[in-house]
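Chemist: Top to bottom, those sequences are chains A and B.
Our numbering numbers the first residue of the first sequence as 2 and each following residue consecutively.
Our numbering numbers the first residue of the second sequence as 63 and each following residue consecutively.
Source of the hints: derived by calculation from the structure; they are not laboratory data.
Predicted model, so just to flag it, every value in this text is computed and none were measured.
Virtual Cβ for every residue (Gly too), placed ideally from N, Cα, C.
All clues given are correct.
Straight-line alpha carbon distances no greater than 27 Å define the calculated DSSO-like cross-link-like pairs of lysine-lysine that follow:
(1) A:K614 x A:K596
(2) B:K70 x A:K477
(3) A:K567 x A:K596
(4) B:K67 x A:K428
(5) A:K428 x B:K70
If you anchor each label on the Cβ, the simulated ranges turn out as follows:
(6) A:D519 x B:I111: 23 to 31 Å
(7) B:A100 x A:D615: 24 to 32 Å
(8) A:P109 x B:F90: 20 to 28 Å
Non-contacting residues of chain B with respect to chain A, defined by C-beta distances greater than 12 Å in every case (computed):
(9) R64
(10) T66
(11) K67
(12) I69
What follows is each chain in one-letter form.
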Amino acid sequence: MLLLVLWAFISIVMLLSTDLLSYSLRRTGWLRFASTFFIFFSQIIVTEFGLGLFSALNGFSLFLLNIGVTTGILITIYKVFGRRIFKEYLLNLRSAPTRLWQLLRRDPFWILLSCVALLLVSWIVFIGLLFPATDFDGNSYHLTFIANVIQNHNFFDAPTSLLWLNGYPKGGEFIGMWNMLIPHTDTLVDLAQVPFLILGIYALYETATALGADKKQARFSALLFLFIPVVLNQLKTTYVDVMLSALFFAGLAMLVKKRLGKLDLLIVGIIFSLLIATKSAGVLFIIVLLPLLLWKLFKNRDRKRGNIINSYIKPLLLTALPTVFGLYWYVKNLIAYGSPIYPFGFKLAGISIFPGKTFQEFADAAVNPATSVLPSGCVERIWFVWTEQKDWFGCLYNYDTNYAGLGPIWLIVLVPAVIIALYYAIKKRNTLYFAVTGTILALFLVYPANYYSRYTMFITGIGILSLAIVLTNVHKITAGITKGLVVVLAVSVFATNIALCNYPPQIIKAQVKSLSSDSPRGEVYNSPTWQAFTFLENRLRAGEAVAYDSSPYFIYPLWKPDYSTKVIYLPAINATEWYKKLDQGKIRYVFTTKKSLENGWAKDNKGMQNIYKDQMYEIYQIY
Amino acid sequence: MRFTKFIKDNIVELVFVLLIILFFYLYFVVYMTPSRIAWYTEMQHQINILIYEITHIGR
Numbered sequence: 002m003l004l005l006v007l008w009a010f011i012s013i014v015m016l017l018s019t020d021l022l023s024y025s026l027r028r029t030g031w032l033r034f035a036s037t038f039f040i041f042f043s044q045i046i047v048t049e050f051g052l053g054l055f056s057a058l059n060g061f062s063l064f065l066l067n068i069g070v071t072t073g074i075l076i077t078i079y080k081v082f083g084r085r086i087f088k089e090y091l092l093n094l095r096s097a098p099t100r101l102w103q104l105l106r107r108d109p110f111w112i113l114l115s116c117v118a119l120l121l122v123s124w125i126v127f128i129g130l131l132f133p134a135t136d137f138d139g140n141s142y143h144l145t146f147i148a149n150v151i152q153n154h155n156f157f158d159a160p161t162s163l164l165w166l167n168g169y170p171k172g173g174e175f176i177g178m179w180n181m182l183i184p185h186t187d188t189l190v191d192l193a194q195v196p197f198l199i200l201g202i203y204a205l206y207e208t209a210t211a212l213g214a215d216k217k218q219a220r221f222s223a224l225l226f227l228f229i230p231v232v233l234n235q236l237k238t239t240y241v242d243v244m245l246s247a248l249f250f251a252g253l254a255m256l257v258k259k260r261l262g263k264l265d266l267l268i269v270g271i272i273f274s275l276l277i278a279t280k281s282a283g284v285l286f287i288i289v290l291l292p293l294l295l296w297k298l299f300k301n302r303d304r305k306r307g308n309i310i311n312s313y314i315k316p317l318l319l320t321a322l323p324t325v326f327g328l329y330w331y332v333k334n335l336i337a338y339g340s341p342i343y344p345f346g347f348k349l350a351g352i353s354i355f356p357g358k359t360f361q362e363f364a365d366a367a368v369n370p371a372t373s374v375l376p377s378g379c380v381e382r383i384w385f386v387w388t389e390q391k392d393w394f395g396c397l398y399n400y401d402t403n404y405a406g407l408g409p410i411w412l413i414v415l416v417p418a419v420i421i422a423l424y425y426a427i428k429k430r431n432t433l434y435f436a437v438t439g440t441i442l443a444l445f446l447v448y449p450a451n452y453y454s455r456y457t458m459f460i461t462g463i464g465i466l467s468l469a470i471v472l473t474n475v476h477k478i479t480a481g482i483t484k485g486l487v488v489v490l491a492v493s494v495f496a497t498n499i500a501l502c503n504y505p506p507q508i509i510k511a512q513v514k515s516l517s518s519d520s521p522r523g524e525v526y527n528s529p530t531w532q533a534f535t536f537l538e539n540r541l542r543a544g545e546a547v548a549y550d551s552s553p554y555f556i557y558p559l560w561k562p563d564y565s566t567k568v569i570y571l572p573a574i575n576a577t578e579w580y581k582k583l584d585q586g587k588i589r590y591v592f593t594t595k596k597s598l599e600n601g602w603a604k605d606n607k608g609m610q611n612i613y614k615d616q617m618y619e620i621y622q623i624y
Numbered sequence: 063m064r065f066t067k068f069i070k071d072n073i074v075e076l077v078f079v080l081l082i083i084l085f086f087y088l089y090f091v092v093y094m095t096p097s098r099i100a101w102y103t104e105m106q107h108q109i110n111i112l113i114y115e116i117t118h119i120g121r
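Excised from the complex, chain A in its bound form (with noise of 0.2 Å):
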């Protein structure tokens, strides 16, 4: 308890500090915040990163650097803007609430979503709080990296038999990270996308407002981000795909301000680096943003005194500066595993450029055309799916589920919306709107698999900054009727969203009391999936060590909640090598997935004894 309240403290005086710098370098209104926001991002992850190089990162280590760079920064600003500046960014901060109020107090639309919205979010933290992370890809790799940081303090490739684990780019992780090292538990880091969420609204009212729509209209389409069942439903999950959208709105969202300072620049660039660290497919995002930021520098070009080097290429270069940073990824799987988007390869052409699997082949391979519902065709796959016609195992929205996820209110008010807005666009000349959503949509049709919800949630921008140039432009009674059935509609996504799949009320019932009595991860943990894991978690004792086999599910759990334990891959040829490293090892207990490699290893050795047998797992102890 004490270190989440050491680690609420210093998140809120990093806050504090860097909206700070930003109110001092006279930034107001967007600006500020996205300055706030990646300022303090980065200071994370930079300083992560900077600890992890020297095997260095920890808990401590990590909030002691913090306050240090921290006391750097109000220092500098203190030096450089003086004591006045202090007191004006307390009366600032303290007169926020009544402008806010004085602002929305005459929308009684955006009053009654922002109050679903407020609750819905509050539910979604409580269930996050509540429940430990239960997600496939984050108790497969996602969490599996973090708690390798943990136990190694680094973030260099550990041996493992799991691809994605060493494969994918990190920076959603280092993100996540911050909410489990200091704290030292991941009651915390399946919430990490909660703060990209509002990234992502706040860049969409802007870029809305850039291309002529009502700040009130703006204000009500941006909400409705938060709306798309998909969003709702990856909140409490590790994954990282709102993350990705809500930065590619932010984005679009710095691309389509009138000038862009050296600051706004580098912010560019930390987007594009955090775009290209979250997700290899960030590069998608970057190929299609830059014809906007080139776009950009041609507009705001000094026709008189400009040249090609302070027009493009300084600006290029402030915004190449920070993106280098993410490229560590693909650089470290060139060298290290022959392709720079490992796990997958490339191909251009039909020809081969970097080893291994396509991700569209990965993909292909996932949907199995003779049990798949889903239709063959590109377009009747994406009609399939944004009709929601077939449930995702018996719930109809799931974190990850490819039959569904933008829910009804865009395919029945941001979809017609879209055409109407095509309409005011051409009769208003607006091409900044057809820049903004020719980019959108450009992204959308290269992007493999984009009929997959999770993915292509950003194509619901569309609709949202089009819905918000309707709403400007249509009669006020017009107006009134579309945003009571949005109203209706989003009570509509509350209701069928209240269980996030996995946590209908009893379960819910069913976990406070497990926690109240003292089980770490609480009564989720009894279901059959993770049975094994608990088996396991009761049976380990402090400074113990596991070793998982050559085809694992999942590894997280394999730790024991407050990560005295270790767990590690133990590379073999052979069932003689196998063993010997596991003596070298000191290794206690092997979790082997049922007619791995390591099972048949196991079975055959006397000195390992079989404890626990399921449908799936089975686990050995060795005396």
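Got chain A sorted already, so can you dock chain B onto it with the hints?
Modeler: Only chain B this time, still in chain A's reference frame:
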């Protein structure tokens, strides 16, 4: 005449409303597949449990 003028003056808004009605129909009528109906019924069941539990807290 007045009706024609009304249509002409408000054609864009009318198309917008008609599109919303069309897509509402598509989503809630045409594609209300058995699997979605089953899920909504389950959702109603869950809400009822939730309401029951909230109203019985502390009893």
